[in-house]
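Number of protein chains: 2
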Amino acid sequence: MTTKKKGKQTVAFANPPSIAGHACVVGKKEGDGPLAGSFDLIEQDDTFGEASWEKAESAMQKMALTAALDKAKQAASTMDYLFGGDLLNQCIGTGFAVRGQDIPFYGIYGACSNMAESLSLAAMMLDGGFGEWAAAVTSSHFCSAERQYRTPLEYGGQRTPTAQWTVTGAGATVLAREGDGPYVTHVTTGKIVDKGIKDANNMGGAMAPAAYQTIKAHLEDLNRKPSYYDLIVTGDLGRLGKEIVLDFFHRDGMDLANFDDCGTLVYDLENQDVHCGGSGCGCSAVVLNGYLLNGMRAGRWNKILFCGTGALLSPTSTQQGESIPCICHAVAVETKK
Amino acid sequence: MTTKKKGKQTVAFANPPSIAGHACVVGKKEGDGPLAGSFDLIEQDDTFGEASWEKAESAMQKMALTAALDKAKQAASTMDYLFGGDLLNQCIGTGFAVRGQDIPFYGIYGACSNMAESLSLAAMMLDGGFGEWAAAVTSSHFCSAERQYRTPLEYGGQRTPTAQWTVTGAGATVLAREGDGPYVTHVTTGKIVDKGIKDANNMGGAMAPAAYQTIKAHLEDLNRKPSYYDLIVTGDLGRLGKEIVLDFFHRDGMDLANFDDCGTLVYDLENQDVHCGGSGCGCSAVVLNGYLLNGMRAGRWNKILFCGTGALLSPTSTQQGESIPCICHAVAVETKK
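So the protein lines, in turn, are chains A and B.
If you read the first sequence in my numbering, its first letter stands for residue 1, the second for the next number, and so on.
If you read the second sequence in my numbering, its first letter stands for residue 1, the second for the next number, and so on.
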């Protein structure tokens with residue numbers, strides 16, 4: 001077999017897996033935002049009828065997976081693999097969502113890059129010949145993430161100008177070895193980049209250099225210009241991080257006209273009091289599995305480079321004075337193989 | 001390409017990846033145990049010269065990876081992929097260990113099944129044609145895990161009879177697409193099994209049903225008898241969990257003469273005050289990358305089924321009254337392809 005590796009970080013699939021189903025579930029605030037029409041379910045009660053925020057997150061993830069499986073017309077037991085992750089300690093959002101489902105499971109942790117990481121690995125499993133069906137699922141919840149990473153909600157702390165708002169939402173994608181697309185055609189695996197930012201309320205600034213590194217590697221590995229894609233979209237850099245990435249490319253002599261960020265797309269930044277925009281692994285998960293993939297199916301875009309961005313910090317590392325290691329994984333999705 | 005899938009949960013590699021290097025680093029208590037001779041480095045100071053237990057764990061993981069790369073005679077930058085995980089919130093043990101290393105990285109979370117999960121995915125990447133080299137690294141630290149999952153060390157809580165002792169150690173394996181073995185020949189991906197156990201001090205009892213399910217699936221998928229293997233070894237079931245697995249198989253009419261558990265191997269259970277034995281993802285990581293792989297190289301065993309066992313709980317899920325979802329991934333390692 002010839003290698004599928006292109007350059008240092010990218011693989012080109014021999015038989016690009018097809019996206020057979022995708023779905024997303026969100027909370028009230030996301031449903032009040034500009035992408036409301038692209039969500040499969042908008043729940044008005046952020047508890048999702050559960051007794052804790054963590055259980056709400058699990059419920060949401062289960063609903064997204066079920067909906068994506070329904071759209072793919074497949075039973076959970078058909079899946080050869082499920083890759084899933086979230087932001088909670090020991091990834092309990094996912095562990096409890098997957099419990100009771102009859103699917104071989106690999107838990108992953110890439111912080112807010114979870115959607116891209118899980119999708120990358122699911123696609124690699126199928127192209128590698130290890131099965132016919134694989135699913136990827138990811139979630140975050142504003143209320144569980146705030147008490148996890150920052151302060152309890154009841155504390156009512158003032159948010160800083162660079163703060164972002166964790167998306168309450170879950171997204172799931174079902175991949176098939178054969179199908180009508182859209183197809184996952186390439187994956188660029190990120191390296192950890194840490195430029196020394198220590199402010200846990202400036203995720204966009206911390207993650208931007210990782211996004212820049214991965215996008216640049218992707219373009220170089222495949223010898224592509226940014227204009228090859230109809231849209232290059234990062235996961236949750238927010239307003240500030242997005243500007244930083246654009247600035248990095250500008251310095252390289254490239255002005256990206258087709259660049260956007262799920263964190264700036266998911267909320268109305270002027271009117272929803274979210275400061276720099278959305279964040280959390282639910283952010284890129286719901287934008288990908290709603291707005292972006294729906295848009296591809298509707299013919300709006302044919303080639304998207306989806307770049308999940310993640311900050312690999314924890315409250316403990318912040319308290320111990322550490323800076324924030326970040327990562328970005330890129331997944332190329334195209335309507336034609 | 002014909003599928004590599006056998007039955008519902010197992011894959012047989014077309015071109016089994018070769019273990020080119022393996023190493024493990026442990027703390028003092030592990031060095032006082034019966035496997036002392038198999039460890040590459042025994043550190044007498046469990047801080048590893050760092051200012052916190054979490055940083056000590058990162059340091060340990062970095063040392064294990066460096067040693068495994070040295071044995072494989074490869075630079076970090078040669079690796080196409082690194083898969084790594086630990087037990088800490090947001091997997092900071094791994095994130096900070098990998099920071100600054102020039103390797104495309106996928107973070108994973110399978111609790112104490114991390115070594116088997118990372119090894120499975122690394123092997124699949126190579127057999128799938130996505131690269132030439134991949135590494136897997138995993139760690140746990142008694143001091144960071146105790147304050148993470150149970151109580152601060154200073155509290156001096158009484159340990160229950162079913163408690164296990166988290167291994168302070170890290171293990172790393174370097175895989176190559178071509179080489180002289182031992183080879184990773186098969187992987188069986190686990191499903192989540194939760195039989196309702198809620199006692200966070202009875203990990204062995206909680207995980208045993210998952211281990212039984214995966215081993216059984218492996219044998220059925222490949223139509224093998226347990227006696228095919230020289231050794232079937234679980235990750236960290238401890239004395240109680242090991243007995244439960246043996247009991248399950250006994251009910252099926254199979255008496256496993258070749259079954260053992262890394263948690264019972266790593267300490268002297270009579271004299272080291274570890275109650276039911278070792279646990280933590282460092283447990284199976286150091287036993288695999290020391291005792292087991294050294295033993296294979298020395299001709300003691302030719303066929304080992306390595307079954308990493310993980311309990312996907314968190315302190316939050318325990319406080320919220322949840323039972324413990326568990327998982328087990330099995331990796332077959334053989335000296336001949």
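Bear in mind the hints are in silico, worked out from the structure with no lab data behind them.
Think of the CB as a built atom: it goes at the ideal place given N, C-alpha and C, for glycine as much as any other residue.
Among these hints, one or two may not hold up.
Sample of chain B residues at the chain A side, in silico, Cβ under 8 Å [to be verified]:
(1) Lys5
(2) Ser18
(3) Asp45
(4) Leu88
(5) Arg99
(6) Asp194
Hint by hint, here is what the structure shows:
1. Checking B/Lys5 against chain A: minimum C-beta separation of about 5 Å stays under 8 Å; hint holds.
2. The interface hint given for B/Ser18 is violated, since its Cβ lies 16 Å from the closest Cβ of chain A, which is over the 8 Å cut-off.
3. Given the 8 Å rule on beta carbons, the hint for B/Asp45 is violated: about 19 Å separates it from the nearest Cβ of chain A.
4. Here the hint on B/Leu88 is kept, as its CB sits about 7 Å from the closest CB of chain A, short of 8 Å.
5. A least Cβ separation of about 4 Å between B/Arg99 and chain A falls short of the 8 Å threshold, and the interface hint therefore holds.
6. Interface hint at B/Asp194: satisfied, since its Cβ lies 5 Å from the closest Cβ of chain A, which is below the 8 Å cut-off.
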